[in-house]
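Chains as they are written, first to last, in the numbering used here: chain E, 1 to 434; chain D, 1 to 255.
For the record, the hints were derived by calculation from the structure and aren't laboratory data.
Every residue gets a Cβ at the ideal spot worked out from N, C-alpha and C, and that includes glycine.
Accuracy of the hints is not assured; some may be wrong.
[Said to hold, decoys possible] The calculated label-pair distances, taken between Cβ atoms and stated as ranges, are: (1) D:LYS202 <-> E:TYR262: 54 to 64 Å; (2) D:LEU200 <-> E:PRO122: 24 to 34 Å; (3) E:PHE258 <-> D:TYR98: 26 to 36 Å; (4) E:MET106 <-> D:PRO173: 23 to 33 Å; (5) E:GLY345 <-> D:LYS56: 19 to 29 Å; (6) E:THR144 <-> D:PRO173: 47 to 57 Å; (7) E:VAL351 <-> D:VAL201: 38 to 48 Å.
[To be verified] Simulated crosslink set (DSSO-like; lysine-lysine; CA at most 30 Å straight-line): (8) D:LYS62 <-> D:LYS202; (9) D:LYS235 <-> D:LYS215; (10) E:LYS164 <-> D:LYS10; (11) D:LYS58 <-> D:LYS235; (12) D:LYS10 <-> E:LYS81; (13) D:LYS226 <-> D:LYS56.
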Amino acid sequence: MFMLEKAMVGGRRYWIWVGALLAVIAIAFGFYLHQLSYGLGLTGMSRDVSWGLYIGQFTFMVGVAASAVMVVLPYYLHSHKEFARMTILGEFLAVASVTMCMLFVMIDMGKPMRLFNIFLYPQFHSVMFWDVVALSGYLVLNITITLVTLHAEQQDVHPPGWIKLVILLSIPWAISIHTVTGFLYAGLPGRMAWRTAIMAPRFLASAFAAGPALLILLCFLLRRQTGFDVGRKAIHGLAVIVTYAMVINVFFIAMEFFTAMYSRVPGLTEDFQDLYLGTVSHTSLLPWGRSSMILMAAALVLLLVPALRRNEKTLAVACALVFSSLWIDKGVCMVVGGFIPSPLGTATRYVPTVPEVIITLGVWAVGALMVTVFYKIALSVEIAKETSYVPAYEFARTGGAIGLQAHASSSVVAPGSSATGQAKEEVSERGKQE
Amino acid sequence: MKITRKEFLKISGACLVALSGKNVLAVLDSPVKSQTSSPSARKQLGMIVDTRKCAKAKGCTKCIEACNKAHNVPSFQDPAHQIKWIWERPFVDLFSSYETQYMETSLKEESTPVLCNHCDNPPCVRVCPTGATWKREEDGIVMMDWHRCIGCRYCMAACPYGARSFNWVDPRPHIENLNPDFPTRTRGVVEKCTFCSERLVKGQLPACVEVCPEKALVFGDLNDPKSEIRQMLAKDYTLRRRPELGTGPNVFYLV
Numbered sequence: 001m002f003m004l005e006k007a008m009v010g011g012r013r014y015w016i017w018v019g020a021l022l023a024v025i026a027i028a029f030g031f032y033l034h035q036l037s038y039g040l041g042l043t044g045m046s047r048d049v050s051w052g053l054y055i056g057q058f059t060f061m062v063g064v065a066a067s068a069v070m071v072v073l074p075y076y077l078h079s080h081k082e083f084a085r086m087t088i089l090g091e092f093l094a095v096a097s098v099t100m101c102m103l104f105v106m107i108d109m110g111k112p113m114r115l116f117n118i119f120l121y122p123q124f125h126s127v128m129f130w131d132v133v134a135l136s137g138y139l140v141l142n143i144t145i146t147l148v149t150l151h152a153e154q155q156d157v158h159p160p161g162w163i164k165l166v167i168l169l170s171i172p173w174a175i176s177i178h179t180v181t182g183f184l185y186a187g188l189p190g191r192m193a194w195r196t197a198i199m200a201p202r203f204l205a206s207a208f209a210a211g212p213a214l215l216i217l218l219c220f221l222l223r224r225q226t227g228f229d230v231g232r233k234a235i236h237g238l239a240v241i242v243t244y245a246m247v248i249n250v251f252f253i254a255m256e257f258f259t260a261m262y263s264r265v266p267g268l269t270e271d272f273q274d275l276y277l278g279t280v281s282h283t284s285l286l287p288w289g290r291s292s293m294i295l296m297a298a299a300l301v302l303l304l305v306p307a308l309r310r311n312e313k314t315l316a317v318a319c320a321l322v323f324s325s326l327w328i329d330k331g332v333c334m335v336v337g338g339f340i341p342s343p344l345g346t347a348t349r350y351v352p353t354v355p356e357v358i359i360t361l362g363v364w365a366v367g368a369l370m371v372t373v374f375y376k377i378a379l380s381v382e383i384a385k386e387t388s389y390v391p392a393y394e395f396a397r398t399g400g401a402i403g404l405q406a407h408a409s410s411s412v413v414a415p416g417s418s419a420t421g422q423a424k425e426e427v428s429e430r431g432k433q434e
Numbered sequence: 001m002k003i004t005r006k007e008f009l010k011i012s013g014a015c016l017v018a019l020s021g022k023n024v025l026a027v028l029d030s031p032v033k034s035q036t037s038s039p040s041a042r043k044q045l046g047m048i049v050d051t052r053k054c055a056k057a058k059g060c061t062k063c064i065e066a067c068n069k070a071h072n073v074p075s076f077q078d079p080a081h082q083i084k085w086i087w088e089r090p091f092v093d094l095f096s097s098y099e100t101q102y103m104e105t106s107l108k109e110e111s112t113p114v115l116c117n118h119c120d121n122p123p124c125v126r127v128c129p130t131g132a133t134w135k136r137e138e139d140g141i142v143m144m145d146w147h148r149c150i151g152c153r154y155c156m157a158a159c160p161y162g163a164r165s166f167n168w169v170d171p172r173p174h175i176e177n178l179n180p181d182f183p184t185r186t187r188g189v190v191e192k193c194t195f196c197s198e199r200l201v202k203g204q205l206p207a208c209v210e211v212c213p214e215k216a217l218v219f220g221d222l223n224d225p226k227s228e229i230r231q232m233l234a235k236d237y238t239l240r241r242r243p244e245l246g247t248g249p250n251v252f253y254l255v
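Excised from the complex, chain D in its bound form (with noise of 0.2 Å):
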């Protein structure tokens, strides 16, 4: 057989252009659907952490109780098989550019709540092999389905907040106060905060915001001008995790 390697290399250009073809190029390009078309009519939901409330109230951890019990989170002992929808971390983990070292140690440890950023450009809704999570369109919530979730974990490496947690074993029999209204998880698949979804359509608030007693947590339509959390936005400089990956985090956090 012969071939020279003028026509191996013309073949393998025609095979490049074919593969390049614009579909392709399309993706590697546009963030995500909800993105690309009038996004003024569709909400984005969007929360902001006032930390310097959150502050006063040393010790409490209401909103992840809360978050825990609606949801049917397990809690484990180990570190390794933990679930986490909203946790606290101390702010320099969250914030480690915003870090000096004349800090006092209180101000780095102040306990922060951390949770899914319901991202613009979510990274972990590209690499979904599945579609087993996406953005919502309506709201801009980064939604999962744990029915369709193969249990890849390339959401979790993708994901640059650690908002991801997967159920290494049957979590079912960890859970604490098991909540009828809400379904339980299965081991082997990958869940994360929703921003409740199953209450927002019942007209509630996140069960976070709601239980907060020092009102903290501040929920709202980032696409409203004229709702409470724009308003805030507007008046204050506030911090997202990791703005220059270009994700476009949608939780703010007041300092």
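Here chain E stands alone, though its shape is the one from the complex (with noise of 0.2 Å):
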């Protein structure tokens, strides 16, 4: 059943890492379950900061999720046929990321046990429902997608026609998610730092360079130890769009920056002082805030040099402070930000608790987990296309395990050789159908 028993055979390399992430979750779920009885005054929020770490790191996840788009429509809408190998990465990624965003609010909430609250009550007037529909509607989309691309690929058939619309649903779908959630944050009328119309837009940028850059980590992380290589071309096509991304979102935060500091209207300088010159109140995000803008100029500077955007370790790490910078930026100094000062001018500190960390790294160990279980399954099919001499039909019955414990091991396909070129143009089928 879909295609799970692919993701029950792997090398030792596998279970163990498999195994880490369950006693992740497993110790991070004890915790949870603690909070669940104790309440939320176990983490660091407050009255006066009453999100925190949780929202943040859902704030962040949605860009993550939308990201995928980032793949899906050059593929899809331009024909690039380099990125064949990617999209499905790219839907899963986004599967994987929904569902973070989905618990993070769940963790985030007083009292989860009433979550049906939201539809059977439902308010067409509250932001907040907008975004459970469309975060909803997103990961109904992307499961079908990638769920139907994959079983007709493993089938070794072309995908019933229909699916197509449902991509190209999921094109606009993944704008809104991330539009929606700017909506969160900028329809408030009292929080300065979030009362702007560029939210949704920064939000965006933000979320089409963190979201890929992940991206090229895991296809480098795929590479090394599977030996999938999704070929040079489409690296270095998606490292250009984290550049385009990450060049728009800094010129969107300079636009917040001179608006404030020019105007030097009180409620809109206030972020600004907090988070990066410290002059006002001592918050502890002075040292975030900083470390966000030196980690965002050095990924600027390796992403913009194109000898270096060129080179893979170097484009590694570029990635690396793309994605790093932009989580500080949002998981961390966009949410807690906005509550400083509070309501009755307060500048009240916020520091996570050790639970709360421990809860937090919970839910990306789930992320982790569904990230590798569904890349497993992936691969599996791919692989199977292309190392095997044995027909389709046959793999589907045993469920390409050889293939699989091939790449276990780690050793048959070597990056880059001539198996995965094959694969490659096999694989770019997918976009030419018709």
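Hey, can you piece these two chains together into the complex? The hints should help.
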């Protein structure tokens, strides 16, 4: 069912990794149960800073989820064949990150058992209602797309025609999830740091940098661990996307900085002073804000110099910098910064507690586990086709176990070997159906 | 699969039009239901805080104590977990734009009652995903249903006045004198001042208004031109907290 059996076969390293993730999830779940019985007082959040790490991570992961569109759009709308092997990876990453988003929202709720009140008493004027609709819809779309295309590939047939409509719908839908998440913040009258029309565009720009950067890193990791190569052109194409998005993101930040610092309206400047200048209140945000800026600048240098961007080693460093700087920017600074100062002018310190961090890591482990399992399935389907002399239908019966085991020992297909090259052409058929 | 950019744009355009139907636009535009239909027929309860009278009784916290007792408001040492329905803050924290560097510290620090403004157009109600907080049609009170609240705290982010508190832990062990006539809350829900809706049905004034020795709190119907509160508002300049946000706060400060 759902080809999950393919994830049940693997080498020693695979199982150690899966086991480690499960252990983290189990520990985090224990802490979560404690939070459930004790209350959210277990976290560092307070009356003044009433959202923290959880909602920050949620916001960041919405971006990672939305960024799948950066491989789907060039591939399906512009027939950008290089992305053939990467598209399924991007879609699976979206499924895992939307799931993480939902988990982050759930662990942040005071009464998670009442979750369904959102659907029992839908409030059409609440942006949060629309965010839930957008995210669940996006999850359904991406699960459908990945299952159907992968299944067709496994059976060596063309995917059914209707899936194209679903894929087309998923493109504006991806934009919508992060736009609505931007509205979640930008629509609040009293929070000056958030109430900016550039919030949603800035969210999208940072998402389209951070998400593809993560995808590049995952592709490098996959090649190293399994020999599965998405191709140099695909990586390079994605690196260009990361570069553009990162430049636009930094440009947007500069726009906000200018508007605040030149107009000198206190409500606007406070956020920047707190995050980057440290001239007002001493909350714990300054080191975060500054390190985010420095990492962003370093990432830009590595991305903008063509020679460094084309070099895979420096590109990997650049991607790690992009991801971590934007994780800090959105996952820590943006949300917490919006609560400083409070409506009554206090700058309350927010420091996440150890249980809060462990529970957060638990959700990340769930995401990592999902990506591991999904990629294992996707790769076993794709690799089964390229390494095997057994007809595809036979593979369907054996669950592709032969190909899998070969790759679990990670030595059969060397990166960029002719086998992978052939498979690349085969896979890119997906783009030319009809 | 082949689709031209033009076709894609057509499809997305159609989707947009479908999305931005009349209802969505209406939702974006209309404030809150009670505002749209004949406001004069309904009440809008409001309050005046006469800060000059309040300042006469230095160190008096009777209104706060009465409220906490009436509503089983727990007391926490840790400021992060505090629950506040009505509380006091230095005047400049409420009205920072009126602060000047030449003011005497005593004036700046003058402690002033803070409570929910029961706004005409409450952002907390607009953002709540379950309708657990709503503006009551008959008297304009912003109400709270502690049984429906899912504890997402979006209302706390939305309130520009910091009037909402979340039960970060179980409040019951922290209630000093339990009032059996009023419900206690559970951990994980948001709460705030309700203008003593439970006392109003019995024909009583809000607890804070009733207990104030200086009669510094004046409560009444803002839609009734003959009410005491309206007479006072007609004669004097009053301040409201952050009126520029368009929330229409209904607590007025006489300075």
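For each hint, the structure was consulted:
1. D:LYS202 <-> E:TYR262: 54 to 64 Å: holds, 56 Å
2. D:LEU200 <-> E:PRO122: 24 to 34 Å: Holds, at about 30 Å.
3. E:PHE258 <-> D:TYR98: 26 to 36 Å: The hinted range 26 to 36 Å holds for E:PHE258 and D:TYR98, with Cβ atoms some 29 Å apart.
4. E:MET106 <-> D:PRO173: 23 to 33 Å: holds, 26 Å
5. E:GLY345 <-> D:LYS56: 19 to 29 Å: holds, 25 Å
6. E:THR144 <-> D:PRO173: 47 to 57 Å: Since E:THR144 and D:PRO173 have Cβ atoms about 49 Å apart, the given range 47 to 57 Å holds.
7. E:VAL351 <-> D:VAL201: 38 to 48 Å: holds, 44 Å
8. D:LYS62 <-> D:LYS202: Since the Cα atoms of D:LYS62 and D:LYS202 sit roughly 22 Å apart, the hinted pair holds (cutoff 30 Å).
9. D:LYS235 <-> D:LYS215: OK: D:LYS235 and D:LYS215 at ~18 Å, within 30 Å.
10. E:LYS164 <-> D:LYS10: holds, 16 Å
11. D:LYS58 <-> D:LYS235: holds, 26 Å
12. D:LYS10 <-> E:LYS81: Holds, at roughly 24 Å.
13. D:LYS226 <-> D:LYS56: holds, 28 Å
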